[in-house]
Each structure stands twice: as structure tokens, then as C-alpha cells.
Amino acid sequence: MSLLEIKNLHAIVGEREILKGIDLTVNPGEVHAIMGPNGSGKSTLAQVVAGRELYHVTGGEVLYDGKDLLAMAPEDRAREGIFLAFQYPVEIPGVSNMYFLKAALNTVRKTRGLPELDAMDFLNLVREKMKLMDMEQTLLNRPVNTGFSGGEKKRNEIFQMAVLEPRLAILDETDSGLDIDALRVVAGGVNALRDPQRSMIVVTHYQRLLNYIVPDFVHVLAGGRIVKSGGKELALQLEESGYAGMGIYDEGEAA
Amino acid sequence: MAVATQTGACLELFTKQPAAAPWVQALREAAFQRFAELGFPTTHDEEWRFTNVAPISRSAFAMLPSRDRQGAVVPDETQLHLAKHAPLDNPFVALNTAFLTTVAFHHVPRGAVLESPIEITHACDQPGRVHHPRTLIVVAPDAHCTIIERYTGTGSYFTNAVTEVVAGDGAVIDHYKIQTEDRVAFHIATMQATLGRSTSFTSHSISLGGALVRNDANATLSEGTEATLNGLYIVNGSQHVDNHTQIDHAKPHGASHELYKGVLDGRATAVFNGRIIVRKDAQKTDSKQTNKNLVLSDNAVINTKPELQILADDVRCTHGATIGQLDAEAMFYLQSRGIGKAQARDLLTYAFAQDIIDRVKVAALKEELEKRLFEKFHEHGG
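Keeping their order, the protein sequence lines are chains Z and H.
Read left to right, the first sequence gives residues 6 to 260 (my numbering).
Read left to right, the second sequence gives residues 11 to 392 (my numbering).
Simulated from the structure, these hints should not be mistaken for laboratory data.
Every residue, glycine too, gets a C-beta built ideally from N, C-alpha and C.
Do not take every clue at face value.
[What the hints assert, rightly or not] Between beta-carbon pairs, the in silico distance windows are:
#, chain 1, residue 1, chain 2, residue 2, range
1, H, Pro65, Z, Glu141, 52 to 58 angstroms
2, Z, Gly156, H, Ala338, 57 to 63 angstroms
3, Z, Arg230, H, Gln335, 33 to 39 angstroms
4, H, Lys351, Z, Gly26, 36 to 42 angstroms
5, H, Ala338, Z, Glu66, 37 to 43 angstroms
[As the list claims (entries may be wrong)] Straight-line C-alpha distance at most 27 angstroms; calculated BS3-like pairs for lysine-lysine:
#, chain 1, residue 1, chain 2, residue 2
6, H, Lys351, H, Lys386
7, H, Lys351, H, Lys381
8, H, Lys315, H, Lys294
9, H, Lys386, Z, Lys115
10, Z, Lys115, H, Lys376
11, Z, Lys72, H, Lys351
12, Z, Lys158, H, Lys315
13, H, Lys381, Z, Lys115
14, Z, Lys12, Z, Lys25
15, H, Lys376, H, Lys302
16, H, Lys315, H, Lys351
17, H, Lys351, H, Lys298
18, Z, Lys158, Z, Lys25
19, H, Lys94, H, Lys26
20, Z, Lys115, Z, Lys136
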């Protein structure tokens with residue numbers, strides 16, 4: 006059975022329709038890249054799957070592991086194994102990264118029928134994952150994303166993903182704002198999490214990230230629809246000819 | 011209720027007081043006279059526009075003075091400062107002074123650095139009583155001290171407190187007022203700080219309890235004085251809390267900072283009124299005032315008002331007030347990591363309030379307040 010099945014999905018923000026009939030099927034272990042010009046609806050798709058209430062689904066359905074995903078609260082989606090790495094991770098002053106992550110991990114573990122981790126086991130797990138992301142341990146004691154550089158925020162997202170071990174990870178423009186060294190670290194973290202049971206949707210504007218995270222499938226989103234699908238070579242074609250060169254134009258809608 | 015009726019009942023209690031030293035008696039009488047002129051304030055008084063004290067004026071004099079107020083213990087050494095600072099134009103200050111019986115008095119000698127805080131606890135466990143706690147702290151020049159005032163109790167009673175802090179030149183004072191009165195109690199308090207040259211004064215007012223609460227925190231600054239007035243109020247149910255602050259820049263080169271944060275839930279109401287006076291003389295004043303409110307329910311009400319009276323022309327004064335709900339993006343971020351809605355809400359509310367607690371310099375007190383806050387906002391697990 007496929008892990009995620011999106012059928013004819015329509016979504017609006019305010020009065021504006023952003024997703025105009027998306028179809029996408031993701032099987033366990035597959036990595037799908039979603040590319041597209043600015044305003045094509047890439048980020049909207051990512052947020053709708055994660056459950057952001059800002060967007061209203063007006064049509065279509067989404068099945069996750071055979072269940073009606075759209076009927077689930079965002080926290081329940083996360084507990085069932087969906088993880089969104091944010092394009093703009095939110096700063097939360099006053100909540101320590103450590104406390105936040107422990108609360109998150111323990112709710113997720115509870116759903117999986119696993120016992121809560123005690124402070125010692127949690128710290129050991131966190132240390133191991135931080136090493137993977139080449140992160141300073143002091144970041145743990147700081148408030149969530151507060152005062153983090155752009156690169157630190159993105160690393161923190163993938164670090165959280167490594168700790169929470171999702172079944173479906175959605176990376177929303179994880180490459181934006183990263184220099185090449187940071188990009189390598191982040192991509193290395195993502196690749197270490199590739200697993201036959203774990204699926205990923207990688208949303209990106211540029212082909213660059215896909216040199217490091219090599220996808221099984223590439224889809225091009227434009228004007229709220231998937232206009233082209235193919236293998237990893239599609240990303241290279243896009244890189245060469247550009248979106249316009251393939252007859253794909255930005256419709257000027259919010260991403 | 012007519013002023014005459016109020017003061018008539020008051021007069022009987024007033025005349026029944028045990029005798030005191032002549033100078034104390036003179037203070038009492040002048041204050042009583044002032045109160046008789048003023049009466050209890052009503053919502054027609056600008057200063058009391060959003061705080062209706064009718065529940066207090068209806069019942070205050072049906073209440074007996076608290077039992078521990080037997081015998082006059084106003085030390086003669088307080089004469090120089092007692093009742094010389096807190097404004098008698100505030101009817102509740104006048105009332106407190108009219109019933110002056112005991113004074114919590116501390117004198118910190120010149121240059122002394124107190125290692126442990128001066129702790130003053132007013133615990134009222136006598137329902138149906140009214141009490142008028144009075145505190146005077148005199149800090150001599152260049153002395154350092156920490157003051158912790160606590161107000162707590164059980165049952166329905168009325169606390170009407172007045173605190174005067176007098177700081178000599180170069181003194182460093184860290185003041186805390188922790189108000190955790192019973193949820194059915196009335197609490198009115200005035201803190202007046204008169205600050206000498208180059209004094210550094212920091213005050214934190216934490217209001218968690220009480221049915222009807224009014225705090226007046228006033229500071230008068232001298233040359234080069236630095237004053238910080240911070241506050242945190244957390245109210246729900248039908249609680250009402252009113253914070254009035256007044257910072258009086260009387261002399262040049264003073265600096266003042268103010269940060270008051272409020273969390274309102276249920277049908278709670280709150281008032282913040284921040285008056286800043288910069289006198290003609292007080293050039294180069296630097297003053298900043300901020301009031302931030304987190305409103306968690308549709309029925310809670312906050313009235314916030316800056317009140318700047320600037321008579322000097324070379325000053326910097328900024329002020330800002332915000333009233334908001336929990337940040338939707340932050341909520342979604344937490345939820346997207348599996349944290350339930352109720353817990354996410356608690357976490358963000360805790361974080362909002364924590365900002366003030368973080369500024370508390372006394373480790374034990376900070377820990378105690380964190381624990382209180384944690385219990386308040388972590389009822390949904392975590």
C-alpha cells in the first residue's frame with residue numbers, strides 16, 4: 006500500500022485558490038522532489054499535508070497509510086509519523102529547544118507504544134543526532150530557533166527530524182539560505198535518514214539540493230497543478246533550460 | 011454611598027484605635043481628614059476609571075481591623091520618613107495612614123551590602139478583616155539591598171498596603187512584590203520609592219491572586235537615577251487587576267525602564283496605566299515603557315494607557331502597548347511536532363510570562379515563581 010495518496014487536491018487561502026487539483030502517490034522508501042517556480046503552490050502543498058489551518062481544502066482527498074489525513078489534527082499527523090521541515094522555522098522565545106524536543110519525542114513515542122525516555126537516555130540520543138548534524142550542544146539550551154542563524158535553523162529542523170524519526174518527511178525549501186558547506190551537512194543528515202520504510206518529499210526551487218539528495222521521482226508544480234513528472238533527470242533538464250525554457254511560468258501566486 | 015456615610019462608619023473605628031505617640035496621632039488625624047474629604051474613589055475619577063471599588067467601599071467598614079493590630083508599635087526613628095512619601099491624595103493611602111498601627115521598618119546603614127534579602131510577609135488568615143500593612147525601608151547612601159514583599163492569605167478580607175522606600179544617593183535596591191492573595195480577597199497597594207542621585211532601583215510586581223486588585227507603583231527620580239519598574243499579572247475567572255505606575259523624572263540624566271506583561275483568561279479584566287512625568291529640569295531623560303498583553307479568551311478585557319507628561323525638550327521617551335493572542339505560526343510549529351493544542355497553548359503562555367520571571371535576580375525566588383508558573387501552565391502534561 007502506498008504511504009501517501011493525494012487525489013485531486015484543491016486548497017485556498019482566503020479567497021484565492023492555490024492548489025488546483027494535485028495528484029501524487031508516494032510509496033514507502035521513495036524520495037519525491039517537487040520543483041516549481043515561485044508561487045506555484047509548492048509550500049502550500051507541504052503545509053496542507055502537515056495540517057496548517059491557514060489553508061482550506063476545498064476538494065479532493067489525502068490518504069495517509071490508508072487513513073483520511075485531512076480529518077486529522079496537525080499534532081495527530083505528527084504523532085502518526087509526518088514531519089514538516091519548515092522553510093521558515095518559527096522562533097519561540099522562552100521555550101527551550103531541549104524541553105520542546107523532549108515533549109515532542111515523548112508524545113510521538115507514546116503513539117508508537119514506546120515508553121517515555123528518561124532524561125539520561127534522551128540526552129544520549131540527542132547528542133548522537135547533534136553529532137550527525139554537526140551542531141553545537143549549546144543550541145539545546147537556547148530557546149527554540151531564537152537568535153539562530155539561517156543555517157542553524159535549517160540544521161535544527163533536520164536534527165529534529167533525526168530525533169523524531171518520521172515515516173514521511175516533507176522538506177520545504179530546506180536548501181534556501183544555505184551556503185554550500187551548510188547544504189552538504191544538511192543533505193548528509195537527510196541522506197543518513199534514508200530508509201526503505203521512510204518516504205520523503207523534497208520541495209525545492211533549485212536543482213542544486215538534488216545533487217546531494219538524489220530523488221527517485223521529480224515533479225514540476227506550476228499554477229497549482231503538477232505539470233510534469235519524471236525521474237531524477239527531469240531536474241537536470243530544468244536546470245539547463247529553466248522553467249520558462251520548458252514552457253512553465255510563474256503565475257504570480259503565493260508559494 | 012455618600013462620603014458622609016462612609017466616613018461616619020470609619021470615624022467610629024478610627025476613634026476606637028488605641029492611642030499612639032503624639033506625632034503618630036497627628037499623622038493619623040491629618041490622613042483621616044484627607045480621607046474624609048476624598049471618600050472612596052468612583053469610576054468618575056480618572057485614576058479609577060476602570061476599577062470599581064464599590065465592593066470594597068460597601069464592606070470595608072463592616073470589617074473589623076485585623077486582630078494582630080493591637081498596641082501601637084510605630085518606632086520613633088521612622089518619624090523622619092514615615093508618611094512623607096506616599097501620596098495622601100490617594101484615598102487608600104490616606105486610609106492606611108489613618109489606621110497606622112504597626113510599621114515593618116528596616117534601615118540599611120550607609121555603604122552596607124546586605125547579603126540576604128529583607129523579607130516581609132503579610133499573611134492574612136482572618137476572613138472578614140481589613141488590614142493596613144505599612145512598610146518603610148530606608149536605605150542609606152551607597153548601601154545595597156534586596157527587598158521581598160509577599161502578600162498572601164485565605165478567605166475574604168481586604169488588604170490595604172502602603173510601602174515607602176527611601177533611597178540615599180548611590181544606593182542599589184532590588185525590590186519584589188509577590189501578590190498571591192486569596193481568589194476572593196481585595197488587595198490595594200501603593201509602593202512609593204523616593205530615589206536619590208545615581209541610585210539604581212529595580213522593582214518587580216507579580217500579581218497572581220485576589221478578586222479585585224489595584225497596585226500603584228510610583229518612583230520619583232533624582233539626577234542620574236536609574237529606575238526599572240517591571241510587572242507580571244496573570245488573571246482568569248472574574249479577577250480584576252489594575253496596575254498604575256508613575257515615574258517622575260524630577261532631575262536631569264535619569265533613566266527609566268518599564269515592562270509590564272499580562273496574561274488574561276476567562277472573564278478577567280486588567281488595567282495598565284503608565285504615567286511618565288519629565289519635569290522641566292529633567293533634560294537628557296531616557297525613558298522606555300512597554301506593556302504587553304496576551305489575551306486567551308474572547309471575554310477578557312484589558313485597558314492599557316500610556317500617559318506621558320513631558321515638560322523638558324531634550325529627552326527620549328518611548329512607549330508601546332500590545333494586545334494579542336497566541337501566535338498562530340508558533341502554535342502550528344509546536345503542533346507539527348506532535349505537541350497537542352492545549353499543551354502548545356500552555357507552553358507559549360508560560361514562555362510569555364517567563365520573560366519577566368527571567369529577570370528576577372534572587373535565585374530562590376526565581377525558582378519559586380517558575381514553579382508556580384509551571385504548575386499554572388502545565389496542567390496538560392509535558
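Each hint, compared with the structure:
Evaluation of the 52 to 58 angstroms hint for H/Pro65 and Z/Glu141 yields a pass: the beta carbon distance comes to about 55 angstroms. In this structure the hint that Z/Gly156 and H/Ala338 lie 57 to 63 angstroms apart at CB is violated, the actual value being about 26 angstroms. Checking the proposed 33 to 39 angstroms range against Z/Arg230 and H/Gln335 shows it holds: the Cβ atoms sit about 35 angstroms from each other. In this structure the supplied range 36 to 42 angstroms is violated for H/Lys351 paired with Z/Gly26, their Cβ-Cβ distance being about 30 angstroms.
At about 25 angstroms, the CB distance of H/Ala338 to Z/Glu66 disagrees with the hint of 37 to 43 angstroms. The hinted pair formed by H/Lys351 and H/Lys386 meets the criterion: a straight-line CA distance of about 16 angstroms does not exceed 27 angstroms. Simply put, H/Lys351 and H/Lys381 have alpha-carbon atoms about 22 angstroms apart, close enough for the 27 angstroms limit, and the pair holds. In summary, the hint linking H/Lys315 to H/Lys294 is supported, as the alpha carbons are separated by about 24 angstroms, within the 27 angstroms threshold.
For the hint linking H/Lys386 to Z/Lys115, the alpha-carbon distance of about 24 angstroms falls within 27 angstroms, and the restraint holds. A hinted pair counts as satisfied when its Cα atoms are at most 27 angstroms apart, and Z/Lys115 with H/Lys376 does not qualify at roughly 32 angstroms. Taking the CA atoms of Z/Lys72 and H/Lys351, the gap is about 21 angstroms. The hint holds against a cut of 27 angstroms. Pair hint Z/Lys158 plus H/Lys315 does not hold up; C-alpha atoms about 37 angstroms apart against a cutoff of 27 angstroms.
Our distance criterion of 27 angstroms between C-alpha atoms is met by H/Lys381 and Z/Lys115, whose separation comes to about 26 angstroms. Taking the CA atoms of Z/Lys12 and Z/Lys25, the gap is near 11 angstroms; set against the 27 angstroms cutoff, the hint holds. A threshold of 27 angstroms between alpha carbons decides the hint, and for H/Lys376 with H/Lys302 the separation of about 21 angstroms falls inside it, so the pair holds. For the hint pairing H/Lys315 with H/Lys351, the CA-to-CA distance comes to about 32 angstroms; that exceeds 27 angstroms, so the pair is violated.
Under the criterion of a C-alpha separation no larger than 27 angstroms, the hint pairing H/Lys351 with H/Lys298 is inconsistent with the structure, at around 35 angstroms. Taken as a hint, the Z/Lys158 and Z/Lys25 pair is broken in the structure, with Cα atoms around 31 angstroms apart against an allowance of 27 angstroms. Taking the CA atoms of H/Lys94 and H/Lys26, the gap is near 25 angstroms; set against the 27 angstroms cutoff, the hint holds. Distance hint between Z/Lys115 and Z/Lys136 is fulfilled; the C-alpha atoms sit about 26 angstroms from each other, no more than 27 angstroms.
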